[in-house]
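Undergrad: If you want the building blocks of each chain, they are given just below.
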Amino acid sequence: MNWTWFHKLGSPKWFYQWASKWAGKLVWIGLLLLLIGVVWGLAFAPADYQQGNSFRIIYIHVPVAMLAQSCYLAMGIAGFVALVWQMKLAPVFIKSVAVVGAVMAFIALLSGAIWGKPTWGTWWVWDARLTSVLVLFLLYMGVIAIQNALDDQVFADKAVAVVSLVGVINLPIIKYSVEWWNTLHQPATFRLTEKPSMPMEMWLPLLFSALGLYLFSAGIAMWRMQTEVLKRERKANWVKQEVMSDGI
Amino acid sequence: MNYTSFFKAEWLSLLRRKQDTLNALLFFVMVITLFPLGVDPSSEFLAPAAGGIIWCATALSVLMAVEGLFKEDFNDGSLEQWLASGLSVSVLVLLKVLAQWLMVMVPLLLALPVLAQMLFLPWSSLLTVMGSLLLGTPALFLIGAIGAALTVSLRRGAVLMLLLILPLYIPVIIFATGAIRAAQLQMSVSGQLAILAAMSIVALALAPVMTAISIKASVN
Amino acid sequence: MNYTSFFKAEWLSLLRRKQDTLNALLFFVMVITLFPLGVDPSSEFLAPAAGGIIWCATALSVLMAVEGLFKEDFNDGSLEQWLASGLSVSVLVLLKVLAQWLMVMVPLLLALPVLAQMLFLPWSSLLTVMGSLLLGTPALFLIGAIGAALTVSLRRGAVLMLLLILPLYIPVIIFATGAIRAAQLQMSVSGQLAILAAMSIVALALAPVMTAISIKASVN
Amino acid sequence: MQKSVNLQVNQLYLERGDRDLCQDLTFSVTSGELVRVAGENGAGKSSLMKALLGWLPIESGQIEYKGEDVTVHRDVLLADQLYLGHTPGIKTVLTPLENLRLYCPEASLQALEQALEHVQLGPYADIPAAQLSAGQKRRVALARLWLTDKPLWLLDEPFTALDHAGVLALEAHIKTHLDSGGAVMLTTHQTLLTLSAKTVELAAA
Amino acid sequence: MQKSVNLQVNQLYLERGDRDLCQDLTFSVTSGELVRVAGENGAGKSSLMKALLGWLPIESGQIEYKGEDVTVHRDVLLADQLYLGHTPGIKTVLTPLENLRLYCPEASLQALEQALEHVQLGPYADIPAAQLSAGQKRRVALARLWLTDKPLWLLDEPFTALDHAGVLALEAHIKTHLDSGGAVMLTTHQTLLTLSAKTVELAAA
Ligand code: HEM
Ligand SMILES: Nc1ncnc2c1ncn2[C@@H]1O[C@H](COP(=O)(O)OP(=O)(O)OP(=O)(O)O)[C@@H](O)[C@H]1O
Ligand SMILES: Nc1ncnc2c1ncn2[C@@H]1O[C@H](COP(=O)(O)OP(=O)(O)OP(=O)(O)O)[C@@H](O)[C@H]1O
Ligand SMILES: [Mg+2]
Ligand SMILES: [Mg+2]
Chain A
1 MNWTWFHKLG
11 SPKWFYQWAS
21 KWAGKLVWIG
31 LLLLLIGVVW
41 GLAFAPADYQ
51 QGNSFRIIYI
61 HVPVAMLAQS
71 CYLAMGIAGF
81 VALVWQMKLA
91 PVFIKSVAVV
101 GAVMAFIALL
111 SGAIWGKPTW
121 GTWWVWDARL
131 TSVLVLFLLY
141 MGVIAIQNAL
151 DDQVFADKAV
161 AVVSLVGVIN
171 LPIIKYSVEW
181 WNTLHQPATF
191 RLTEKPSMPM
201 EMWLPLLFSA
211 LGLYLFSAGI
221 AMWRMQTEVL
231 KRERKANWVK
241 QEVMSDGI
Chain B
249 MNYTSFFKAE
259 WLSLLRRKQD
269 TLNALLFFVM
279 VITLFPLGVD
289 PSSEFLAPAA
299 GGIIWCATAL
309 SVLMAVEGLF
319 KEDFNDGSLE
329 QWLASGLSVS
339 VLVLLKVLAQ
349 WLMVMVPLLL
359 ALPVLAQMLF
369 LPWSSLLTVM
379 GSLLLGTPAL
389 FLIGAIGAAL
399 TVSLRRGAVL
409 MLLLILPLYI
419 PVIIFATGAI
429 RAAQLQMSVS
439 GQLAILAAMS
449 IVALALAPVM
459 TAISIKASVN
Chain C
469 MNYTSFFKAE
479 WLSLLRRKQD
489 TLNALLFFVM
499 VITLFPLGVD
509 PSSEFLAPAA
519 GGIIWCATAL
529 SVLMAVEGLF
539 KEDFNDGSLE
549 QWLASGLSVS
559 VLVLLKVLAQ
569 WLMVMVPLLL
579 ALPVLAQMLF
589 LPWSSLLTVM
599 GSLLLGTPAL
609 FLIGAIGAAL
619 TVSLRRGAVL
629 MLLLILPLYI
639 PVIIFATGAI
649 RAAQLQMSVS
659 GQLAILAAMS
669 IVALALAPVM
679 TAISIKASVN
Chain D
689 MQKSVNLQVN
699 QLYLERGDRD
709 LCQDLTFSVT
719 SGELVRVAGE
729 NGAGKSSLMK
739 ALLGWLPIES
749 GQIEYKGEDV
759 TVHRDVLLAD
769 QLYLGHTPGI
779 KTVLTPLENL
789 RLYCPEASLQ
799 ALEQALEHVQ
809 LGPYADIPAA
819 QLSAGQKRRV
829 ALARLWLTDK
839 PLWLLDEPFT
849 ALDHAGVLAL
859 EAHIKTHLDS
869 GGAVMLTTHQ
879 TLLTLSAKTV
889 ELAAA
Chain E
894 MQKSVNLQVN
904 QLYLERGDRD
914 LCQDLTFSVT
924 SGELVRVAGE
934 NGAGKSSLMK
944 ALLGWLPIES
954 GQIEYKGEDV
964 TVHRDVLLAD
974 QLYLGHTPGI
984 KTVLTPLENL
994 RLYCPEASLQ
1004 ALEQALEHVQ
1014 LGPYADIPAA
1024 QLSAGQKRRV
1034 ALARLWLTDK
1044 PLWLLDEPFT
1054 ALDHAGVLAL
1064 EAHIKTHLDS
1074 GGAVMLTTHQ
1084 TLLTLSAKTV
1094 ELAAA
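Going line by line, the protein sequences match chains A, B, C, D and E.
Here the first sequence stands for residues 1 to 248, where the numbers follow my numbering.
Here the second sequence stands for residues 249 to 468, where the numbers follow my numbering.
Here the third sequence stands for residues 469 to 688, where the numbers follow my numbering.
Here the fourth sequence stands for residues 689 to 893, where the numbers follow my numbering.
Here the fifth sequence stands for residues 894 to 1098, where the numbers follow my numbering.
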C-alpha cells in the first residue's frame, strides 16, 4: 500500500493548499444538495399517512443525527492517530470537528424533541437512542471544554486526543448498554429502530439532504482547520507568504 | 524510588489522612440519606430503587475520592519526579489507584449491609450489590484517574472532570443496576456481572496508559 | 485592595475559567441524567420525584462549586493578603460568594425548564421549583462557604467538608421539596417558601462571620 | 508627605508546637530604618512576621505602634503595613496587570504600567501569570511596592528567585522608601548588595 | 567506582509560546564539570532543564549522552540523572524520613538518618513536612543528594530558601560529587561561594 498520501496529509502546508482547493467546492456542492433534499422533502414529498406533515422534520433530523455519530467516530480515529503517530494535523482535526459534531448532536436532540411533542405527546423519553445521543452530546462538550480550559497547546492536544479516543471506545459500550437497559426494563413504547418502510419519493430527498449535509460539514470543518493551521504555523515561512499574498 | 517504596509511601499518605477515608464513607451515607429525605421515604418507593440509589451514591463518592487524585502530586512537583525516575508511569498510576481503591472501598463494603437496610434493600439481593460493587468500582476508579490527570493543571478542575468521566460511568452504572434488578426479580445475574468484570479489565488495560500520557503532557 | 477591586478581580477570575460555569451546569445535567439511568426512566416514577431529584442535583452541584472556594486563595497566599488588607473579611467572603452564586445559578436557572422536561416535571410546578431555587440556594452557597473555609488548610478537605455541611443542607432541601410537592398537589406554597427565604437570610447574617473566623484560623 | 513609622516590640515570647522561637525579643522599627530578621532555617523569621500581623498567638510580650498598644487589636498597625509572604497572593489566572489592579485599585492605568516596567514585566502585562517563570511571578507581587504609600513594609524573603538586576532594582527602591521616611522589615538569607540593615537575630533553638 | 558523564547538546532551539528561548545553543557537561545555566528571570533556564528531560518539545537540535543520540528517546539519560526542580516533590503529610524512604528505597535506615543529619534535619526526622519552615522543606529534598549514586545532577535553583550554612554544606557536597567523577548542571541567581563553574548563558529575548 502506498502511504505517501498519509504522510502528506500530516504536513500542514500540504493540507492547507489541498484544503484551499477543495473546501469551498465542498461547501457549495453540499449546500446545493442539502437545499434540493430539504425543499423536495418539505414541499413535494407526499405526507405520511399516520403522522401527516410533522414527519417532514425527518429531512433534518436523520441526516443530522447520523452526522453527529460519524463526527465522533472520525474524532476517535484522529485521536488514535494523534497518540500513536503524533501527527500534527490530528489534534487540529479533532478541534475543528468537535464543534461541528456538537452542533449536530444538539440539533438532533432539538429536532427530535420538537418532533416528539406532536407524535409522542412529550418532548423527551428515556429511550435508548435518545439517551445515547444525549451522552454523545456530553462527550462533545467534554472535548470542547477541556481544550478551552487548557492554555498549553501541547497538553491540550494530548488531552483532546485522549478524550476522543477513550470516548469512541465507550460509544458502542454506551449504545449497547442503553439499548439493553431500556429493553430489559421498559419495553420500548416508541421504537426508533424499525425503519418505516419508506416509499422512494420520501427516501430520495432524504438521501440528498444527508449527502449534502456531509459534504457541507466536511467543507466547514476544513475551513476551520485551515484557520487553526495558520494560527499554529504562524512562524513558518509558507504561512507568512500565504498571509502576504492574501493581503491581510 | 521504586514500585514498592512508591506504594508504601502512597499507602502511608492515605493512612495519615485517614479521616478522609472515613469521610468518603460518610459522604456515601449522606447521599443515601439525602435521597429519602428529598424524594420519598416510603419503603414501596425505596426498596425497588435501592440498588440504583446505592450505585449513584457510590459513583459520586468515587468521583469525590479520585477527583483530586494527582493534584497534590502536581503542585508539589511529585509528577516531575515520577517522570524523572525512569519508572513506568502507567504502573505508578496503577499502584496509586490500587491504594486509593482499597482505602475507599473496603470501609464502604463493610458499611453496606447496614445502609442497605435503611433503603429496605432485600437481604437476598445484598450479595449481588456487593458483587457488582467489587467488580464494577475498579473501572470507576481507573476511568476517574484519566479525568483527574487531564484536569490536574486546572485550578478548579473538579467539575470539568465530572463532565469528562460521567459519560463513561454510565454503562457501568447501567449494568450494575441491571444486575441488581435482575437479582430482585430472582433472575440470573452472572451475565451482567461478567460484563462488569470485562469493563474493569478493559479499563485496567487502557486507563493507566491514557492516564500516563495525560500526566506526561501536564508536566511542562 | 478595596471591595470593588476585589469583586472585579473575582468576577474576572470566574470569567477566565468560564468553562467552569458551563461545567457546573453540565454536572447538574449529569446528575439529572444519572437518576433515570440508574433507577427508573419511566414517567410514573420520575414525575413525582422530579422536584426532589432537581434539588438533590442542585445541592450536589453547589457542593462541587463551593468545595474549593478558598483553596486557591490559601495556596497562593491571597488569604494572608485579605487579612493584611485591613478590609472586613466577612464582606470579602460575601462578595466572593455572590460572584460565585451569580456565575453558577444564572445559567442553571436558565437551563432548568428544559431539564425539568426530561424529568417530566409538570409545567405548573416549574415556577415553584425556580422560586425555591432562587430563595434556597443562597443558603446552600453560604453554608458551603463555611465548610470550605474550615477545610481549606487541610490538603484534601473536600470530603470532610461535605460531612460538615451536608447536615445543614438537609433542612433546606426538606423545605424546598416540601414546597414543590405542595405545588404538585395544588396546595399553597408561600409558607414553605417564606421559611426558605428566612433560612437564606439567617445564613446571610451568620455564615460570612463564621467563614471569616475560619479563614483567620487557617492562616498561620 | 513624610511617612512615619514607629513599631516597638517588647520582650516578645513566641513558640511553635513545643519549640521556643524567641524569648524576650525586644526591637524597634522606626522611620528610615531597614530591619533585617536573621536566623537559620527554621529559626522563626516567618513566624515572627505572622505574629506581628496577629496570625500567630503571642505567648507573652507587648507590641506598640505609634505609641498605641496593639498587642490585642492590630488595626492601627494593619492600616499602615504592606506584607509580602513566601507566597504573595498572585492569582495565576489573572494577568500581571489585573493582579495589580486588584491590589492597587486607586492607581491609574499608567501608574500600573509604570510599576510593571519597573519590575521588567512590561511585555508580560497581559499574559496570564501561570505562564510566567518563577522569578517573573515573584516580580508581579513586588510591583505593588512601586504603587503603595504604606509606610511599613514587611517582606518575607523578597529576593527569592530574583535575578541580579532584580535584586538591585528592589534594593534601590527600598532605599528610596527609607529615605522618604518609610521603614522596612525583611528576612533574607542572601547578603544585601547595597543596603545596610539593623539586624534582629533569632537564635537557633 | 568512578562515575562518568558525557552530555552533548548541539544547536538546540527552544521556544515557549511565541518567544525563542535559545537558538543554536551548544554546550557539554562532562565528568567533574559544574555547569551553571545563567540568564535573567524568564530567560528559559528551567525550560532548558525540562527540555533536556524530555518534557518540553525541542524545535530543533540534538542531544547526545555517552555517544548515543537521545534526542528522541531519553531513557539512557533519564537513568543517569537526578533532577530537583523549583518544587522538588516533597509530600507534606509525610515526615522527612518517610519522604527519603520513598525516593531512596535501597538506603538503610542509618544512611537515611545520616543524610538528614547532613542537612541539619536530624531533630525533625519524624515531624510531618507541613510543619517545617520554607528552608527546611527544601532541605528534605536536598538530602537525596547525600544518598544517590546518580552521576548527573540537574538542580534548578537548589539554594533557594537555604541559609548560609546550608549553602556552604551543599556546595561542599557538590564538590565531592564532582571529584568522584560526577557532573552537575544547576541554575542559581546567587553567587557561588566556594565553587567555580562553567557558564552557559541564555541571552534575553
Ligand atoms: C430528542 C429526541 C430524539 C433523538 C435524540 C433522536 C435520535 C436519533 C438518532 C440517533 C437516529 C439515527 C440516525 C442514524 O444513524 O440513522 C434517529 C433516526 C430516526 N429518528 Fe430520531 N431521535 C429523536 C426523536 C425522534 C422522534 C420524536 C421521532 C419520530 C417519531 C424520530 C424518528 C426517527 C426516524 C424515523 C429515524 C430514521 C430511522 C432510522 O434510521 O432508524 N426520532 N433519531
Ligand atoms: N505550619 C506550621 N505548623 C507547625 N510548626 C511550624 C509550621 N510552620 C513552621 N513551623 C515550625 O516553626 C519553626 C519556625 O518556622 P519559620 O517558618 O518561622 O522559620 P523561618 O525562620 O522562616 O525559616 P526559613 O528560613 O526556612 O524560612 C520551625 O522550626 C518550624 O518547624
Ligand atoms: N507553563 C508555561 N507556559 C507558557 N509559558 C511559560 C510557562 N512557564 C514559563 N513560561 C515562559 O517561558 C519563559 C522561560 O521560563 P523559565 O521558567 O524557563 O524561566 P527561568 O529562566 O527559569 O526564569 P526564573 O529565573 O524566573 O526561574 C518565560 O518567558 C515564561 O514566560
Ligand atoms: Mg521563612
Ligand atoms: Mg526557573
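None of these hints come from the bench; they were simulated from the model.
A portion of the hints provided could be inaccurate.
Dumping the calculated DSBU-like pairs for lysine-lysine here, alpha-carbon to alpha-carbon at most 30 Å [unchecked claim]: (1) E/959 with B/464; (2) E/1068 with E/1043; (3) B/256 with A/231; (4) D/691 with D/754; (5) E/1068 with E/1091; (6) A/231 with A/25; (7) E/959 with E/1068; (8) A/25 with A/117; (9) A/235 with A/88; (10) D/863 with D/886; (11) E/1043 with B/256; (12) E/896 with E/1068; (13) E/896 with E/1043; (14) A/240 with A/117; (15) A/21 with A/235; (16) C/476 with D/838; (17) D/886 with C/476; (18) E/959 with E/1091; (19) D/863 with C/476; (20) D/863 with D/754; (21) A/175 with A/21; (22) A/25 with A/175; (23) D/886 with D/691; (24) E/1043 with B/464; (25) D/863 with D/838; (26) A/88 with B/256; (27) A/235 with B/256; (28) A/13 with A/175; (29) B/464 with B/256; (30) A/13 with B/256.
Derived coverage of chain C by chain B (criterion: at least 3 residues anywhere in the stretch with Cβ under 8 Å from a Cβ of chain B; other residues may be distant) [what the hints assert, rightly or not]: (31) 517–523; (32) 603–609; (33) 636–645.
All C-beta atoms in this analysis are idealised placements derived from N, C-alpha and C, irrespective of residue type, glycine included.
Undergrad: Starting from the hint list further up, note which numbers the structure goes against and sort them upward.
TA: 3, 8, 14, 17, 19, 21, 22, 26, 27, 28, 30 and 32
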